[in-house]
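Student: Using the sequences provided together with the hints, build the complete structure.
Keeping their order, the protein sequence lines are chains P and Z. If you want my numbering, it's the position in the first sequence, counting the first as 1, plus 11. If you want my numbering, it's the position in the second sequence, counting the first as 1, plus 86.
Keep in mind that the hints were calculated from the coordinates and are not lab data. Every residue, glycine too, gets a C-beta built ideally from N, C-alpha and C. Keep in mind that a hint or two might mislead.
Said to hold, decoys possible - Pair by pair, the computed Cβ-Cβ distance ranges are:
1. P/E414 / Z/L220: 18 to 24 Å
2. P/D365 / Z/G152: 36 to 42 Å
3. Z/G152 / P/A369: 21 to 27 Å
4. Z/K369 / P/A369: 37 to 43 Å
5. P/T372 / Z/K318: 52 to 58 Å
6. P/G49 / Z/K277: 55 to 61 Å
7. Z/G401 / P/G352: 48 to 54 Å
8. P/Q463 / Z/D194: 36 to 42 Å
9. P/A369 / Z/D251: 42 to 48 Å
Unchecked claim - Covered by chain Z, per the in silico footprint, the following chain P stretches (three or more residues, Cβ under 8 Å):
10. 26-37
11. 275-287
12. 375-385
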Amino acid sequence: MAENTIGLKAFGGYIPRLRLQRKSITGANAWIAPNLVGKGKGERSMGNWDEDSLTMAVEAARDLLGTDEDRSHIDALYFGSTTLPFSDRLNSGIISAALTLDQNIQAVDVASTQRAGTTALLHALNGVAGGGNKEALVCAADHRKARAASVQELELGDGAAALSVGTDDLIAKFIGSHTLTIDFVDHFRGSGEEFDYGWEERWIRDEGYTKIVPKAITEALEKTGVSASDIDHFVMPCTFARLPQKLAKMCGINPDTVTDPLGAVCGETGAAHALVMLVHALQNAKPGEKVMLVHFGGGCDVLIFETTDLIASMSNKKGIVGSLADRQEETNYMKFLTFHGLVEWERGMRGEQDKKTALTTLYRNEDTVMGLVGGRCTETGVVQFPRSRISVAPNKPAVDTQEPYKFADRKATILSWSADFLSFSMNPPNHYGMIVFEGGGRIMMDIGDVTQGEVDSGTEVRMVFRIKDFDDQRGFKRYFWKAVPVRKSVATAQAAE
Amino acid sequence: MARGIKDKVAILGMGCSKFGERWDSGPEELMVEAYLEAMQDAGIEPTQLDAAWFSTHIDEIGTGKGGTPLSVALRLPNIAVTRVENFCASGSEALRGAVYAVASGAADIALALGVEKLKDTGYGGLPVSNPGTLNPQLTPNGSAPGNFAQLASAYRAKHGVDKDDLKRAIAHVSVKSHANGAKNPKAHLQKEVTEEQVMNAPMIAEPLGLFDCCGVSDGAAAAIVTTPEIAKAMGKKDIVTVKALQLSVSNGLESQHNSWDGSYFHTARIAAKKAYAEAGIEKPREEVSMMEVHDCFSITELVTMEDLFISPEGGAVKDVMDGFYDSEGDVPCQIDGGLKCFGHPIGASGLRMAYEMYLQLQGRAGERQLPNPKIGLTHNLGGAPSQNVCSVAIIGAHDA
Numbered sequence: 012m013a014e015n016t017i018g019l020k021a022f023g024g025y026i027p028r029l030r031l032q033r034k035s036i037t038g039a040n041a042w043i044a045p046n047l048v049g050k051g052k053g054e055r056s057m058g059n060w061d062e063d064s065l066t067m068a069v070e071a072a073r074d075l076l077g078t079d080e081d082r083s084h085i086d087a088l089y090f091g092s093t094t095l096p097f098s099d100r101l102n103s104g105i106i107s108a109a110l111t112l113d114q115n116i117q118a119v120d121v122a123s124t125q126r127a128g129t130t131a132l133l134h135a136l137n138g139v140a141g142g143g144n145k146e147a148l149v150c151a152a153d154h155r156k157a158r159a160a161s162v163q164e165l166e167l168g169d170g171a172a173a174l175s176v177g178t179d180d181l182i183a184k185f186i187g188s189h190t191l192t193i194d195f196v197d198h199f200r201g202s203g204e205e206f207d208y209g210w211e212e213r214w215i216r217d218e219g220y221t222k223i224v225p226k227a228i229t230e231a232l233e234k235t236g237v238s239a240s241d242i243d244h245f246v247m248p249c250t251f252a253r254l255p256q257k258l259a260k261m262c263g264i265n266p267d268t269v270t271d272p273l274g275a276v277c278g279e280t281g282a283a284h285a286l287v288m289l290v291h292a293l294q295n296a297k298p299g300e301k302v303m304l305v306h307f308g309g310g311c312d313v314l315i316f317e318t319t320d321l322i323a324s325m326s327n328k329k330g331i332v333g334s335l336a337d338r339q340e341e342t343n344y345m346k347f348l349t350f351h352g353l354v355e356w357e358r359g360m361r362g363e364q365d366k367k368t369a370l371t372t373l374y375r376n377e378d379t380v381m382g383l384v385g386g387r388c389t390e391t392g393v394v395q396f397p398r399s400r401i402s403v404a405p406n407k408p409a410v411d412t413q414e415p416y417k418f419a420d421r422k423a424t425i426l427s428w429s430a431d432f433l434s435f436s437m438n439p440p441n442h443y444g445m446i447v448f449e450g451g452g453r454i455m456m457d458i459g460d461v462t463q464g465e466v467d468s469g470t471e472v473r474m475v476f477r478i479k480d481f482d483d484q485r486g487f488k489r490y491f492w493k494a495v496p497v498r499k500s501v502a503t504a505q506a507a508e
Numbered sequence: 087m088a089r090g091i092k093d094k095v096a097i098l099g100m101g102c103s104k105f106g107e108r109w110d111s112g113p114e115e116l117m118v119e120a121y122l123e124a125m126q127d128a129g130i131e132p133t134q135l136d137a138a139w140f141s142t143h144i145d146e147i148g149t150g151k152g153g154t155p156l157s158v159a160l161r162l163p164n165i166a167v168t169r170v171e172n173f174c175a176s177g178s179e180a181l182r183g184a185v186y187a188v189a190s191g192a193a194d195i196a197l198a199l200g201v202e203k204l205k206d207t208g209y210g211g212l213p214v215s216n217p218g219t220l221n222p223q224l225t226p227n228g229s230a231p232g233n234f235a236q237l238a239s240a241y242r243a244k245h246g247v248d249k250d251d252l253k254r255a256i257a258h259v260s261v262k263s264h265a266n267g268a269k270n271p272k273a274h275l276q277k278e279v280t281e282e283q284v285m286n287a288p289m290i291a292e293p294l295g296l297f298d299c300c301g302v303s304d305g306a307a308a309a310i311v312t313t314p315e316i317a318k319a320m321g322k323k324d325i326v327t328v329k330a331l332q333l334s335v336s337n338g339l340e341s342q343h344n345s346w347d348g349s350y351f352h353t354a355r356i357a358a359k360k361a362y363a364e365a366g367i368e369k370p371r372e373e374v375s376m377m378e379v380h381d382c383f384s385i386t387e388l389v390t391m392e393d394l395f396i397s398p399e400g401g402a403v404k405d406v407m408d409g410f411y412d413s414e415g416d417v418p419c420q421i422d423g424g425l426k427c428f429g430h431p432i433g434a435s436g437l438r439m440a441y442e443m444y445l446q447l448q449g450r451a452g453e454r455q456l457p458n459p460k461i462g463l464t465h466n467l468g469g470a471p472s473q474n475v476c477s478v479a480i481i482g483a484h485d486a
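Tutor: If you want it as structure tokens, here you go:
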């Protein structure tokens, strides 16, 4: 392999399990938006109430990283999103803490454009190409809000993707790129605003996409010396039907190489969507194929990759293909509106509890809370959560013998549980229970992504990083880990793949 | 083992307020109600009290902290008042303080009084609590029923009990207590219910329905204790003494170590063993005449029958269905109606249980009176099955 070869080492993907049926949106809104009834086809991904761009990015990254505890090989993290939960608190720092990445890491938030995902990827490629980083992790996720009865509500989806960039064991070599920066305002979201404001679609299509994208593609092909006819996968997020094919053709690229924009099964996942589509394309790619990744927004990014023989080594990843298969149909539009904060609903007095977070406590227990790291007694081997100075071991409460012990990627089952209708929950009944881990340790924790009657003692679960509580009074979110049932059908489907 | 408390302290008098939704009363009025009855029963003047122990659990809607709320409400003669709090065992904790003071000789006569005013929250159920700064970041936003309901799933898994069979057994637990409570004018709920009603009630926390949960009430209860010698000198007959007072507190084993299977109370078994040893009881199933246990939820009472070694392990469902714990059964349980019918004003409950045992032992329980009981057991649990405090107290006839 050439000395200065850089590229992608691995990928991961995550699409929330809930899929809102578009018909349930258009049906509910037909009285006010009869023009949208025809768009009531297929489904869009819908984060659960406790998911946001950070939690989804963490899931995508965990898919990429696998269960290996040693993550010190990652020395940079780039996170692209237009829905960062914090305006001033390093969002990628939260991802880093959840993934228990090394503290000696450069973590960067990339925001403010639909190209945030591709831009984050370009930063990572540049960082590794320049020798500053050895292996960079890139995450992109978006969890956008749209007004009820809007087109966006139907077209958007929630999701995340992750890629790692390095110089060896590449699954796809980076051939080159080109970026145009143009202040073409097809839509905008003012600082502190919840919703996008968009301009006329025909103008965006004709003056935006049709003029800017071919220019960027042409430059990229010229710079890299790649022939348009060599492109095997043309990956471009776009909600205009047939427009990617038209643009590909304009540039001499075979329109049949245009990959599925996933509109019917997922929706447009914003700044994540280029990487979501790229991961999806890579899961369908064969060795030695050229992939062109294009993302339009405030200009245009074009990146070209060529897959290697190692692409086959990624078959164990859930990726976007596996995430799309792990789905649960949701037909309750009110639930969607409630999760997005678009309905003032009666929470009851139990929902009034102050959720102020003691930041001192959070920092003191950072790896416990954010990384689900407990302790292991070096004398007895007894593991526990949380860590403590005196071990819980019943027969040998050794003092100061604990070393950090990670729980997040261990197999676990439910010992005891209940579905609680009394306590406040954003998605009642509130499921929680005692989770026991293979190899020792247990945690009383929330059970998420669950429907009533689905779990019992003995049900296998896995850990996910989620929002624990909202502190609306102060604009803070608490994150912690929850148990979600391991679905046998999905596990089997993955094994069969 | 230490020599223990057996027969060192006698109950001189007891009092218990009417329990219920006491919209008319604040904690002060409830305290006075229990206190005046106890003082009349004891036949003493306030100046004869040497010290007092005061139990209440919730600050926000209760009396506030410290010993002053009791001293002010009762206009005590500036004696020592110690506020104690130990979750749902707080009332038993107050009794322990007063009893130990008398046993040590530091006090001749001591008062224990517990109160809780729960119905000032604006909603049903126990108030939502905020325990410290780390717990809310880690633990589920659960509820008492959600925590205790988990016993059912673990008990089913361990003993292979069918879901419906367990649901029917815990329904019988509540039916029995309602039948008892219907005969108690001080109970909050004085109405009989049927098994079908219980089984078909709205779900609170799976598998616990509305009637599987105890009521939420306001109330207060009090005990005045002294030495058996002083009681005798005061001309008291049918003297009731304390036989055992034990408390066991979780150390994190259940919540952090996989040796606990979730189906029983680790602490209750320890407290029960120690209490039987302290009281000199060898065969509890035969020697205990009656019990008031912490039936915060029907499933709690069911597993407690095994934890107190009255039913054999895995045998509680059968005993319950056989009526072993009914008022006509071998060991009547919750003869006053239990938490089920009294509700659970947290700081008061332990003392309320002792009040019924005391009345029964003195033959003063009216329509509920059991034939010639000798030994009564009270039991409190506070917290959750996975982390809790458990108290077991045994009182009995002085000559028993």
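Student: Quick one: which hint numbers does this structure break? Sort them smallest to largest.
Tutor: Of the numbered hints given earlier, those the structure breaks are 2, 4, 8, 10 and 11, listed in rising order.
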